[in-house]
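Novice: These are the residues of each chain, in order.
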Amino acid sequence: MADTQSGITRDGLDAIRSASARLGPGGPGAHIFVEFREDRRAVLDTSGARESVLTRLSGATVRRTVAGPSDFLCDPGPATLSYLTGPAVGAVPLSREETPIFQVPARTADPFRILERALDGALRERPGGSRLFATARWVAFDQVVAVGRGDGVLVTDRRQGSRIRLDVSLAAGARESTATVERVVRGGGDDDIVTAGTEAARRAAVRLAASKVPSGALATVFEPGVGGVVLHEIVGHALEADTVERGASSLARGERVAPRGVSITDDPRRGRGAWRFDDEGNAARATLLLAEGRVVGRLYDQRTASVAGVATTGHGRRASFRDPVQPRMGCTVLVAGSSDRDELIAGVRHGVLVRRIDALSSDPASGTAVFRVTDADGVTHGRVSEPLLPFVLHVRTIDALASLDAVADDLAFDACIGTCLRDGQPVPTSVGAPTFRIGVVRVSS
Amino acid sequence: MTSETRALPAIDADAELDAASRLLDRGLGFAAGLRAELYLRASRRVRVSWTGGGREPRVECGLERGLAVRVVDEAGQRSGFAAASGAGEDAARWAFRQAAASVFRTSALVPVGGGEVTSAKIDREPPRTSAGAGELLAWLREASDRVAALDRRRTRARGARVFWVEAGLTAESLVTSGGLRTSRLRHRVWALGVARRWDLPAAPERPRFLTAKELADLDAGPWLAGLGSGAAREGLPRSGPQRLTVLPAAAATLLRALVRALHGPGAVMGIPVGAGWRVRDDPTHPEAMSGGTFDDVGAPAAPRTLADGESIRDRIAGAGCFRRSSFRDPPAPEPSHLVVEGEGRHEDGRGDVVTDLRVVPAESGVWTLLVDGYRERPGPAMEVFLGARMRLAPADLARAVVGAAGPVSPTGEGVSTPTLVLEGVNLEG
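Note that the protein sequences, when read in sequence, are chains A and B. For the first sequence, our numbering gives the first residue as 410, with consecutive numbering after it. For the second sequence, our numbering gives the first residue as 174, with consecutive numbering after it.
Treat the hints with caution; some may be incorrect.
[Stated by the list, open to error] Pairs of lysine to aspartate or glutamate residues, derived as DMTMM-like cross-links and limited to a Cα-Cα distance of at most 25 Å, are as follows: (1) A/621 / B/569; (2) B/386 / B/502; (3) B/294 / B/460; (4) B/386 / B/601; (5) B/386 / A/832; (6) A/621 / B/601; (7) B/386 / B/569; (8) A/621 / A/585; (9) B/294 / B/569; (10) B/386 / B/318; (11) B/386 / B/187; (12) B/386 / A/732.
[Said to hold, decoys possible] Beyond 12 Å from chain B on every Cβ pair, some chain A residues (computed): (13) 532; (14) 686; (15) 746; (16) 773; (17) 792; (18) 848.
Because the hints were derived from the structure by calculation, they are not lab data. Note that beta-carbon positions come from the ideal geometry of N, C-alpha and C, so glycine has one too.
Using the sequences and the hints given, assemble the complete structure.
Specialist: Structural data, given as structure tokens:
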């Protein structure tokens, strides 16, 4: 029978307990990590073509000390766990059939029904005389994790997330445009899904008139939920403790890098794929990175915390049971300010209002990052003006943070949804930010 | 270092193939009326890495098996896919049920092999002893010492390093209800290094993957030789239409992006290209890290000439081109190993030199390329430009490749290429 909260059977929990007890007191950081994960992707486009991919991954890894060796095997059962934590002799047969230790209820939601609603929303907004093609994607994951330590601690965690993405292409006469809208899918009605479709189509219609951005240094305003991507790259990665440890961070503790009124936290318990316990079994906690413009925090896993002589912040993550733990961001948030959004935009003489952005590269060591802006409008004399063709944003961390001079009160999350890829390890992350303004960013078309 | 890792089971490619056949036979009941394919992959790997800023080595080793089921209807219009960890009957039953329950009309259906091709095909590299943790650590130490020595000569040393080295053995088995039965066995080693190419505060760190079939052939030398240890100052590229010399590591990035854009499944044949755009995809190339005599759905694979220095001749599409990134991913058309010909046909040494580039595609069809490089100038310091921009449509970029210089070099990224020479391109600082 399953412990339905965790998705692990009671026998499975017993097997994990027994295996971790065999680790003994071990060194600090010794643990067994057991994982089950189901990923689903569904795609539907306006031609009716569909794709459905469903995968299941499961495995276990044993780590003997905080920086020590790890062994892993897939498809874990009691025999696998016993083998991994037992004496290093003998071999596990490859074609064994094990008693399953996971029992995760199958998802019942029909993703194609959701995708059809989204496409309906888009098609309803098609301007007369135009051709519209749209693709709707639904991506969901469900991860069950158990971490057992030799001191008897056993924690389980369940991380889940779903999102939908609408890509609309519109052609009217000689002009073409695209627009993208993403939403985190939460339980409840489909209204959000339908409006994602209508919003994408409306935006594509507006962008038929897009023009080239002027190159140069411009004031840049980020729509709520969007600018968090930039702060994830230029602040978050620079404050992951292993980056700091190898001297590759441009942000020094105690340094004032931004005006007062700029505070940034990372809280893994929020956002999509939130976690209560990290992949080392430590409780996740909100960690203040910038407080009133000053660098005050780092994100630690157990090893980097031990080296620094501090407590872990519960940010230890691995992309899968095959990978080592690293300190990783969970949900990076720019704390809401007090500026009025309209006044914030009114204060821009020549600039851009960014609606969608993708990170291209980020280098914490040199404090530079490059982004591709795929949807934006010009701002001229305080008013939002014409839509803009895609362009590149070149950000220097020190200049961008120092000129972050206004933060509004309209905090939003995950307008641009991404997977953080670092050292070949992809991990789902969230970002949150209100509307905010940076005074100096180099823009090129 | 004591790893205390355990002895992992060996991978027996014949046993894997037999297991795949058994699982297919037992799963066919769930796929009535459908053509079915079962792909089974077993991989064993050992990785040695440095932890944090120190030289404390960490060892990870393990064995993973996974399977994927693909079904296609008899009309060849609809397909379903599911994948699972493990190689047991439970995993296979689940995957067959899920795949059969999610059969849809897709925009790009990949056929399931079989029918007339029923004989067993084997593509296995000769057996060799995989490098163990001790050998990998010795390699990592030596490579790291060389990188550290280079970094010490710079005024702005910032911890350039080789992060990890890994040795792996992978066995793939592919069986279908049409009688296809194939097997592939590969040994590989990889390493990741990160360093700033230039001794400048604004110079970003760039990762570099090194790959080889054996540890003895894994060589950090060419990568290290490309890291500038001398003085550098930041400058601007030449303005106006000019000639660019694109070094192999940057050329590899350009090649992968251009092949995707110009030689994908929907590519138009006959579009003119520059004399240096002589590209083939060669899954049987001796330096190929992926590919082989058949693709990942069992169809025979052979070199195909994509462009011949005059026009686009072929595309990455159809039988022989299907690749899987992992067992969890459905097969899709992808190149195996791109090779640019034209060794030494062009003179070297003129024009600004491009060392790194990134491609930014745009909906308008015009790419922005962000380019790092240098220009040869008299004086003690090399003049470096960072993040210069080039804007060209992909077809114009291929026309601008007028030649090649120097030897064809493996780049560790699925590309073997000489230096490429571009003419008539504009760079903005």
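Novice: Now look at each hint and say whether the structure bears it out.
Specialist: Against the structure, the hints come out as follows:
1. A/621 / B/569: holds (20 Å)
2. B/386 / B/502: holds (24 Å)
3. B/294 / B/460: holds (21 Å)
4. B/386 / B/601: Not satisfied, since the Cα-Cα distance of roughly 40 Å exceeds 25 Å.
5. B/386 / A/832: Measuring from Cα to Cα gives roughly 22 Å; hence the hint holds.
6. A/621 / B/601: Holds, because 16 Å separates the two Cα atoms, which is no more than 25 Å.
7. B/386 / B/569: Distance ~36 Å between residue 386 of chain B and residue 569 of chain B Cα, so the pair is violated.
8. A/621 / A/585: Status holds; Cα separation ~14 Å.
9. B/294 / B/569: Given that 25 Å is the threshold and the Cα spacing comes to 42 Å, the pair is violated.
10. B/386 / B/318: holds (23 Å)
11. B/386 / B/187: OK: residue 386 of chain B and residue 187 of chain B at ~21 Å, within 25 Å.
12. B/386 / A/732: holds (22 Å)
13. 532: holds (18 Å)
14. 686: holds (22 Å)
15. 746: Label holds. Min Cβ-Cβ 30 Å, cutoff 12 Å.
16. 773: violated (8 Å)
17. 792: holds (25 Å)
18. 848: The claim holds: residue 848 of chain A sits with its nearest Cβ about 20 Å from chain B, beyond 12 Å.
When the structure is compared with the earlier hints, violations turn up for hints 4, 7, 9 and 16 and for no others.
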